[in-house]
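Could you put together the complete structure from these sequences and hints?
Respectively, the protein sequence lines represent chains V and R. The first sequence begins at 6 in this note's numbering and counts up by one. The second sequence begins at 463 in this note's numbering and counts up by one.
Be aware that a few hints might be false.
[Stated by the list, open to error] Calculated cross-link-like contacts (lysine-lysine; reagent style DSBU-like; alpha-carbon spacing at most 30 angstroms):
#1 V:Lys172 / R:Lys651
#2 V:Lys162 / R:Lys466
#3 V:Lys166 / R:Lys762
#4 R:Lys810 / V:Lys7
#5 R:Lys655 / V:Lys172
#6 V:Lys166 / R:Lys504
#7 R:Lys466 / V:Lys181
#8 V:Lys184 / R:Lys466
#9 R:Lys810 / R:Lys762
#10 R:Lys651 / R:Lys680
#11 R:Lys813 / R:Lys762
#12 R:Lys680 / R:Lys655
Simulated from the structure, these hints should not be mistaken for lab results.
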Amino acid sequence: MKDLNMVFAGFGGQGVLFAGKVAAYAGLLENKEISWLPSYGPEMRGGTANCSVCISDEPIGSPLVTAPNVLVAMNLPSLDKFINAVEPGGTVILDSSLIDKKVERTDINVYYVPSSTLAEENGVSGLANMILIGKLFHEVCMAEGDYGFCKEETLDKAIQKCIPARKADMLEFNRKAVKLGAEQ
Amino acid sequence: MSEKVLMKGNEALAEAAIRAGCHHFFGYPITPQTELAAHMSKRMPKIGGTYLQAESEIAAINMVLGASAAGIRAMTSSSSPGISLKGEGISYMAGSDLPALIINVQRGGPGLGGIQPSQADYWQATKATGHGDFQLLVYAPSTVQEMVDLVSDAFDTADKYRMPAMILADGMLGQMMEPVVLPEEGAKKPVEKPWAASGHDGKRTHNIINSLYLTPDKLEELVKERFERYETVKKNEQRVEEYLVDDAELVIVAYGASSRVSRGAVNKAREKGLKVGLIRPISLWPFPVDALRKAAGHVKQMLVVEMSMGQMVDDVKLSIDCRVPVHFYGRTGGMIPAPAEILGEVEKLLK
Chain V
6 MKDLNMVFAG FGGQGVLFAG KVAAYAGLLE NKEISWLPSY GPEMRGGTAN CSVCISDEPI
66 GSPLVTAPNV LVAMNLPSLD KFINAVEPGG TVILDSSLID KKVERTDINV YYVPSSTLAE
126 ENGVSGLANM ILIGKLFHEV CMAEGDYGFC KEETLDKAIQ KCIPARKADM LEFNRKAVKL
186 GAEQ
Chain R
463 MSEKVLMKGN EALAEAAIRA GCHHFFGYPI TPQTELAAHM SKRMPKIGGT YLQAESEIAA
523 INMVLGASAA GIRAMTSSSS PGISLKGEGI SYMAGSDLPA LIINVQRGGP GLGGIQPSQA
583 DYWQATKATG HGDFQLLVYA PSTVQEMVDL VSDAFDTADK YRMPAMILAD GMLGQMMEPV
643 VLPEEGAKKP VEKPWAASGH DGKRTHNIIN SLYLTPDKLE ELVKERFERY ETVKKNEQRV
703 EEYLVDDAEL VIVAYGASSR VSRGAVNKAR EKGLKVGLIR PISLWPFPVD ALRKAAGHVK
763 QMLVVEMSMG QMVDDVKLSI DCRVPVHFYG RTGGMIPAPA EILGEVEKLL K
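If you want it as structure tokens, here you go:
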């Protein structure tokens, strides 16, 4: 596979760090080299949060992604902050129920997924992040092509690894959200 | 072999310490190190250990001193400004020949500085952690797995030479998650410490742990004896990783977080046909002078990359007696260099 350098960004509380962790775990379970680096500055204490996730066949150098080939954006400030850094040919997946703006760049693939609205309407509120994960894996990580590295059952295992035991009842909701995302 | 798990560097340091038989932790919270203390606070009560959040960094390091004097494997952790506060206690420990582990998850400085990753405490760690003639063992991991491995080695080496050890990490390594394999719990046996002040039941003369010597010739004798021990450490404990050094015309010298970025730059340079390698000091004290001297025999120049204004660069120059030109590139204040920046420097030098 080609190196996947991803940024997950949004408001604190939307689960962007969790979404990144699921992607990283999928990489681990597929025996890839991986890294996950969160923003831990003042932005974490209210405002925007983001994490860098690298998945590769080779050991990861810098875990800080400055030129992502995948951007998952869950609010407008995050999209504005990272959109120009995305590598040409890269993929952007955004929550179009919270971002009512179209991306002007034409050299990247953009998927508009109204994930917050979808989550509310389908009884999985709070899991817009996992809807976007579903879309991301369907279009990129599980797809044929340079960046496909993951089997469907691996993603499911990764989610199980990331949900703490005390929240085990959330597993089915997460599965439903991922499935919803993949169908978009 | 146990399962690969995804862990933050800070949590991995804590769990590795517990599995290395350290059941007594004394700390005080500070970003970007806090997850380490938080992990200890969750785990220690479950294994009958001690997690103690002291009233200050100064109190915490002196509690480590006390625990170590009683022969117990103990540690503390902090980040840059907190380590400055611990300096006095660390000097007292060195002066009392006490082993312990101190972890510094560095952030930008000076002063309160910032909370983003930095490597600006190199001088402090290797030359001036506190007052007086003394050295610490200083280890610089570059991956979360290496953090785990070095914790155990640092404790053992500290016990072996009866001196404090430091792991010099940074905010990037502390905060990032990578896959790790942890050693088995309970596999580590406690080390015999006949010098410890742990009770003697009237069966031997009592041990005294002390750093106060008012007679100068006695103090000189003790310091000289300690420095003889340091010579043995320098001979036996140098650690380094070499990457594509054999045919290199230029080697980058970098440790910790900046070595990861530099490795990326080396790979990019090689793709362009440039003969570039990397020397990564793993022990910062003792500094891996042997590897640098060897490389100085065949490379044409060296480039030191640090997340500071240039501190380790001094030791590189001293190690090789300036036999080849030593250049420097650094970012500071919490900035992390990008591989492309370092590659740019390399291309400039090789032009």
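Status of the hints after comparison with the structure:
{"no.": "1", "hint": "V:Lys172 / R:Lys651", "in the structure": "violated (36 angstroms)"}
{"no.": "2", "hint": "V:Lys162 / R:Lys466", "in the structure": "holds (14 angstroms)"}
{"no.": "3", "hint": "V:Lys166 / R:Lys762", "in the structure": "violated (49 angstroms)"}
{"no.": "4", "hint": "R:Lys810 / V:Lys7", "in the structure": "holds (29 angstroms)"}
{"no.": "5", "hint": "R:Lys655 / V:Lys172", "in the structure": "violated (45 angstroms)"}
{"no.": "6", "hint": "V:Lys166 / R:Lys504", "in the structure": "holds (20 angstroms)"}
{"no.": "7", "hint": "R:Lys466 / V:Lys181", "in the structure": "holds (27 angstroms)"}
{"no.": "8", "hint": "V:Lys184 / R:Lys466", "in the structure": "holds (27 angstroms)"}
{"no.": "9", "hint": "R:Lys810 / R:Lys762", "in the structure": "holds (14 angstroms)"}
{"no.": "10", "hint": "R:Lys651 / R:Lys680", "in the structure": "violated (35 angstroms)"}
{"no.": "11", "hint": "R:Lys813 / R:Lys762", "in the structure": "holds (13 angstroms)"}
{"no.": "12", "hint": "R:Lys680 / R:Lys655", "in the structure": "holds (24 angstroms)"}
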